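**Q** So the protein sequences, as listed, match chains A and B. Just so you know, we're using this note's numbering here: the first sequence kicks off at 1 and counts up by one. Just so you know, we're using this note's numbering here: the second sequence kicks off at 1 and counts up by one.
Calculated directly from the structure, the hints in this document are not laboratory data. The structure presented is a predicted model; accordingly, all values stated were derived computationally and were not measured. Careful: at least some of the hints might be erroneous.
Said to hold, decoys possible - Not everything, but these chain A residues come out facing chain B in the computed CB check (under 8 Å): (1) Gln38; (2) Thr45; (3) Pro68; (4) Asn84; (5) Arg87; (6) Val218; (7) Lys222; (8) Gln223; (9) Phe296; (10) Thr297; (11) Glu324; (12) His328; (13) Ile329; (14) Tyr359.
Glycine residues also receive a C-beta, built at the ideal position from the N, C-alpha and C atoms.
2 protein chains.
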Amino acid sequence: MLDFKITRTDLNGSARSGQLTTTHGVFNTPIFMPVGTQATVKAMTPQMLGEAGVGIILSNTYHLYLRPGADLIERAGGLHKFMNWPRGILTDSGGFQVFSLKGLRKISDEGVLFHSHIDGSRHFLSPEIVMQIQQKLGADIAMSFDECAPFPCSYEEATQAVRRTSLWAKRCCDYHRRPDQALFGIVQGNVFADLREQSAREIVVLDFPGYAIGGLSVGEPKQDMYRILDLTHHLLPADKPRYLMGVGAPEDLLEGVKRGVDMFDCVLPTRIARHGTAFSHRGKVVVRNATYAEDFTPLDPDCDCQVCKNYSRAYLRHLVKADEMLAHILLSYHNVYFLIKLMQEIREAIEDQKFEQFYNHFYENYNI
Amino acid sequence: MLDFKITRTDLNGSARSGQLTTTHGVFNTPIFMPVGTQATVKAMTPQMLGEAGVGIILSNTYHLYLRPGADLIERAGGLHKFMNWPRGILTDSGGFQVFSLKGLRKISDEGVLFHSHIDGSRHFLSPEIVMQIQQKLGADIAMSFDECAPFPCSYEEATQAVRRTSLWAKRCCDYHRRPDQALFGIVQGNVFADLREQSAREIVVLDFPGYAIGGLSVGEPKQDMYRILDLTHHLLPADKPRYLMGVGAPEDLLEGVKRGVDMFDCVLPTRIARHGTAFSHRGKVVVRNATYAEDFTPLDPDCDCQVCKNYSRAYLRHLVKADEMLAHILLSYHNVYFLIKLMQEIREAIEDQKFEQFYNHFYENYNI
């Protein structure tokens, strides 16, 4: 099941606020989904995710299929129960990960043969198998199996990926049958405008309850990403949620919403946290820097999260320098909170018809 | 300031329940103190420590002195504020760590010259300097600078360590002047009964508000530890708290309380957690073991902590195998909770005059 309703729009209809109803809850959009690759958002407990205001997380089909296995998770009662996360979950299709395994894979129209990055064992994924796996995992939203072409790639490669993505989307549609799980389609086409148009047309005809824009944020210049978003959102049905995959930089969330996107996911907040970097309203803070050694002010004076209320930059720097796990825990919490809060603020701006002011104000303060 | 009152005794007076009043709170004894070496209990937030029922933690003077430095922590407003821990803190003297730096140190009656394990830089600690540092850190309880002889060591070495420990204890007493901080004395003497007696006599005469039993749990057979405890607690004033340093195995907490100990600290619960091992009422659970791959029961069916209520052994094993930080977080929480709860149960047994039954019942179930 999935229901989506738009509550308000701004910027002549392109920026949208809405509400997404899933089997495990109702969530305000636009929404950012932190990534829990291996059935855990790294360095955060489910309780911390809840306190940070997280509604939906993304988990990775490829990783869970290999370890601990979809059958085990099904026997555990599904992914929600297995990982003790009662709210929304979206699982990706594994396509992105499998196509990133350079040299370890063989692609045909039937599916992809590949070797596990863990133990080298051989595996085969097809649209049907990916649907089986995702239905066993039991996320609220499943994704179609797609072919994600790299950047840069030739027009021919991108054409091939679009063809296969459409072929596989149809097979996913035909095979998927779990009623409490919504299946989203994915638009590919790399940075080629006509291929994006073709892909959107072929995917939309299958009438998915939601559409993802895949194959962006894979190394292309930001201007390419914005250009493709500019044209893609006009090609997708206005009344269905639009999900931009793999995007999580604060400025890109803003640019995405401006271009009609409702959902985002990215490892960025938790990954940069583990490298000792924090988001702030002024830009990124590299906590390790010596300049913070005796800085007893909060990470981000404009943030009201538990970390900014209770800890100083000096303490966080000490934890980073001493290689303490609490550094990862606290910085991950702050970074996730920061993006969740940013999305709430963007949403409020849309509701108040002030998206443009919010957008301008953001860039006045934020140092990219 | 420090106040200690014994509320009840059992086993003809040797097992005691009591109440310890410090600048940062009133705590029931017997008590277990988790270790926060570098101003953080590894993989646990202060909030988690609070939820696990932790009253006092121990932090390490040696580590904090080297990084981030006592002056910095003083300028931050003291250790409590720096690390956002509003309850009790005890700092050790750094003696144990300095004497563990094999080959890197030179000891005289004046103090210890040593090289930092972090960057090799030269440092000198004396009783007076250690008092200065601990007063800057501002813990509720500070420890005298002592010489901890290794196990095994010769009678002559142990004699020398006792002589210096007494000399230094006097100098610590003379130098210490922070009124909101209590200074404890430490009894040494290795496994030699007459040296323990001599050390206790020389330390007790200085009239500390509390006494630690040091130099045990350093590799000696358990029977030696129990034998030394049997004789030492009779040598210490009955109305002062007794603290057995570095002890945290469940069975040793029980044996310690049986022999008149009120306070314990140890890295054990958090250290074994990071190696994927959990305490349980039946003994240790090596979570990584394949036998738990599809075990959907809790870590310890007799434990009511958040981890045992919400997660299965199969999930925890998955986290350990996948090398996820959440494994460390959840297992550390459970292990700390387990010891805190054990101490509460021991306390209740003493209050009910049922320590012996509790003791026997524990060993019937617990697989060492």
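**Q** If a hint holds in the structure, say so; if it doesn't, say that too.
**A** Going through the hints against the structure:
Annotation: interface hint on A/Gln38 holds; nearest CB of chain B at approximately 5 Å, less than 8 Å. For A/Thr45, the interface hint holds, since its Cβ comes within 8 Å of a Cβ in chain B; the closest pair sits about 6 Å apart. The interface hint given for A/Pro68 is met, as the beta carbon of that residue sits about 4 Å from the closest beta carbon of chain B, less than 8 Å. For A/Asn84, the interface hint holds, the least distance from its beta-carbon to any beta-carbon of chain B being 5 Å, beneath 8 Å.
Contact between A/Arg87 and chain B, as hinted, is not supported at the beta carbon level, the nearest pair being about 14 Å apart and thus beyond 8 Å. Checking A/Val218 against chain B by beta carbon gives a least distance of about 25 Å; that is not within 8 Å, so the hint is violated. A least Cβ separation of about 31 Å between A/Lys222 and chain B goes past the 8 Å threshold, and the interface hint is therefore violated. At a threshold of 8 Å, the smallest CB-CB gap from A/Gln223 to chain B is about 36 Å, leaving the interface hint violated.
Annotation: A/Phe296 was flagged as interfacial toward chain B, and the flag holds, the nearest CB pair being 6 Å apart, inside 8 Å. Restraint check, A/Thr297 versus chain B: the minimum CB separation of about 11 Å is more than 8 Å; hint violated. With a least beta-carbon distance of about 5 Å to chain B, the hint placing A/Glu324 at the interface is held under the 8 Å criterion. The interface hint given for A/His328 is met, as the beta carbon of that residue sits about 6 Å from the closest beta carbon of chain B, less than 8 Å.
At its closest, the beta carbon of A/Ile329 sits 6 Å from a beta carbon of chain B; the interface hint therefore holds under the 8 Å criterion. Interface hint at A/Tyr359: violated, since its Cβ lies 35 Å from the closest Cβ of chain B, which is beyond the 8 Å cut-off.
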